[in-house]
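Trainee: What follows is the residue order along each chain.
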Amino acid sequence: MENLIRQQPSGTDSQVYRITYEAFSKFSNTLMRCRTIDEIAYTLRIHLKYLFNFHVFRVNFSWEEYSIQINVSPTNATVKELDSLLPHEVILHQAKRPMHWTDPGSLSLPDEFSMPPDEEAKLWGWRFERLDCQLVISLLSGKSKYFSGRDATFIKLVAESLESKLLELCLFRVLDKKNQVISNINQQQQEVIRQRTSEIAAKNEKLVEISIMNAHQVREPLSRILGLISLVDFCKTPEQMKLQVLPRLKQSAADLDETLKEVITKATAEVANLKA
Amino acid sequence: MKKILLVDDMEITNFITIQFIQHINPQYSVYDFTEPEKAITQVNDINPDVIFLDLNMPVMDGWEFLEQMQQQQMQHKVYILTSSTSDLDRKRAENFNNVAGYLVKPLETTLLDDVLASL
Chain A
3 MENLIRQQPS
13 GTDSQVYRIT
23 YEAFSKFSNT
33 LMRCRTIDEI
43 AYTLRIHLKY
53 LFNFHVFRVN
63 FSWEEYSIQI
73 NVSPTNATVK
83 ELDSLLPHEV
93 ILHQAKRPMH
103 WTDPGSLSLP
113 DEFSMPPDEE
123 AKLWGWRFER
133 LDCQLVISLL
143 SGKSKYFSGR
153 DATFIKLVAE
163 SLESKLLELC
173 LFRVLDKKNQ
183 VISNINQQQQ
193 EVIRQRTSEI
203 AAKNEKLVEI
213 SIMNAHQVRE
223 PLSRILGLIS
233 LVDFCKTPEQ
243 MKLQVLPRLK
253 QSAADLDETL
263 KEVITKATAE
273 VANLKA
Chain B
6 MKKILLVDDM
16 EITNFITIQF
26 IQHINPQYSV
36 YDFTEPEKAI
46 TQVNDINPDV
56 IFLDLNMPVM
66 DGWEFLEQMQ
76 QQQMQHKVYI
86 LTSSTSDLDR
96 KRAENFNNVA
106 GYLVKPLETT
116 LLDDVLASL
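Going down the list, the protein sequences come from chains A and B. The first sequence begins at 3 in our numbering and counts up one residue at a time. The second sequence begins at 6 in our numbering and counts up one residue at a time.
Chain B with its partners taken away, still in its complex shape (with noise of 0.2 Å):
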């Protein structure tokens, strides 16, 4: 069954998409990390078809969990899911190859749908 990695500092934003996914398909195995220090050693171990990455996080950001993953070659697709609108933001996220879809919260359940759907 597919593996979902969810990466947001936000309790409430992981439990949020945890219900959408087990709405569309309860069959799927989320793993959800509010440190994203802590998810990037977990990444090779769990080796998710697809994970949700906040931008905004203290300590370690979305952009240094990106760096880290490609420092570390790792390859797997990941979705940006962030309430950041900004077009400075959208147009950083396409200089990573492994980045797919850069998604705005709230989550449209017909757009995490399609991306489930895609794996």
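Just chain A, with the same shape it has in the complex (with noise of 0.2 Å):
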């Protein structure tokens, strides 16, 4: 197969190969602009028939903890995100070099790599491995949709094309992930600002309350030493004044200082309760 490759193309072949490539590059562009991997399929199922013949082509694909499997008939593309290998995939990965089965029924592959025995069936696997990216391609084709040796340059080309843009949706896939992450950071501190926010309004509410309160509760005695203040211009006699006001100035002045320390006592108490 390798020596098949390596042979340089005559001039028919140099021609097949220009139109191939066109078709590689057509196939590429669509390629490049896919955002899922349901567009990806697609562009497999419209794109890889004009590069090569095939009955079945299959990828699986895997990188960290994603799993990718593309299975393409001329005429469907499926997309399965699972953690599995076929029989044959197995075997390539340990292989690790490209193979070819003319017996695929005897690997117990899913239904649609059965093919009746007039058909001659055959199973081609090349595994590819590049940074933490793993990629198992399998062909099958037949004697109606012949596939030769010299049709693995171009399963090269699609593997690199399908690595890049599977690895990317991959990646966005993390960083959508992250993103959420850090949205929901985002939330649970806008939460936690806007609980923090109301706490410290009700207890700026409830300090102000209790500065009322005081207020109200000094006032009674402060306005029982301004009404006698007043009274001492009525006072006829200093010994009425001496007798009468005096001693209920001083007893207001000291209720003044009982309802003051009360009042500081009790604010005391309070600010301490809302610190804690």
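Label pairs and their calculated CB-CB ranges:
| no. | chain 1 | residue 1 | chain 2 | residue 2 | range |
| --- | --- | --- | --- | --- | --- |
| 1 | B | Glu16 | A | Val210 | 31 to 37 Å |
| 2 | B | Gln75 | A | Asn188 | 54 to 60 Å |
| 3 | B | Lys96 | A | Asn188 | 41 to 47 Å |
Just some of the chain A residues that point at chain B, by a computed CB distance under 7 Å:
| no. | residue |
| --- | --- |
| 4 | His218 |
| 5 | Arg221 |
| 6 | Leu228 |
| 7 | Gly229 |
| 8 | Phe236 |
| 9 | Ser254 |
No more than 30 Å apart at the CA atoms, straight line, and that leaves these computed lysine-lysine pairs for BS3-like:
| no. | chain 1 | residue 1 | chain 2 | residue 2 |
| --- | --- | --- | --- | --- |
| 10 | A | Lys208 | B | Lys96 |
| 11 | A | Lys238 | B | Lys7 |
| 12 | A | Lys124 | A | Lys28 |
| 13 | B | Lys8 | A | Lys238 |
| 14 | A | Lys205 | B | Lys96 |
| 15 | A | Lys167 | A | Lys180 |
| 16 | A | Lys28 | A | Lys82 |
| 17 | A | Lys268 | A | Lys205 |
| 18 | A | Lys82 | A | Lys167 |
| 19 | A | Lys158 | A | Lys82 |
| 20 | A | Lys158 | A | Lys51 |
| 21 | A | Lys147 | A | Lys51 |
| 22 | A | Lys244 | B | Lys8 |
| 23 | A | Lys167 | A | Lys28 |
| 24 | A | Lys277 | A | Lys208 |
| 25 | A | Lys147 | A | Lys158 |
| 26 | A | Lys147 | A | Lys124 |
| 27 | B | Lys43 | A | Lys252 |
| 28 | B | Lys96 | A | Lys268 |
| 29 | A | Lys145 | A | Lys28 |
| 30 | A | Lys82 | A | Lys51 |
If you're looking for bench data, these hints aren't it; they were derived computationally from the structure. Using N, Cα and C, we set each Cβ at its ideal position, and we do this for glycine too.
Join the two chains into one complex using the hints; note that each chain is given alone, in its own frame.
Mentor: Right under this line is the structure:
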């Protein structure tokens, strides 16, 4: 197979290659624009048939915790995201080299791989590994969908493009996840800020209430003192002032002092309470 | 002669009000109480022209005193005389028909003059 690829193409071969390269560049451009795995599967179904013949073309990609399988037939393309390998994929992973099977029926593959005996089905497999990405490509060919070893050139080109694209989509998913985490953290912080703000507002309100209540309590003895002072003008004799006003003034001043002490004790306790 | 009823738990406050009233007109009869629960039983007997009522008192506060008056259908004119400058108290006082005014301590003699002249 390797020898076939390295052969210099003859005149007609070079024409065939040119047309196939054009088809490849079309495929590659369309693939580049894909934003989802389903779009990739659709692109494979539309464009691969111009690059080489196949009954089934299968991609099994894995990178970190992501696993993606795309099965393409000329009429259908399906996507799965399971952490599973088909039997021949296990063999390819172990062998770490391209392989092919002339009796795919013996591998117990899914139904889409089964062909009538006279089709003389052949299964081809390639395994690629770059960075942390693992990519296994398998292709089922037959008499009516003839695949030759030299078509492997395009398999390698397709594999490179697919690997980059699938890795890109996986990285987008990682990015989305991280963004989600960040936005969750942001949301939590907003919630904490909202809660703290309302707590502070409630404490402020409580403090204002305390100060109003205290002011009223203090006003009572103070208003007596003010009233008594204005009585001084009405006193007809110093005796009257000394006997009637002064003792009451003294009492009221003592009451004021007492009230203030109470208020201070109470406010201190409330403030300590609010801090807790 | 006009009869005035004072209800305030602080003797000193009643003393000040009495002095003020006597300064304006020594002829007025002033009845002063430091226990509103006793004062309420005397209202009908004394039948005062005006009651000066404190709000913040232990045992029975000014609001309870006003409610008792309402229940016993006493229509005597009441002036609230309190050290509270609270708007809430002022609003609440408006709910009672017989409350003619809301005065804040210390009482101003000119205001008292007007109140007594209006009796």
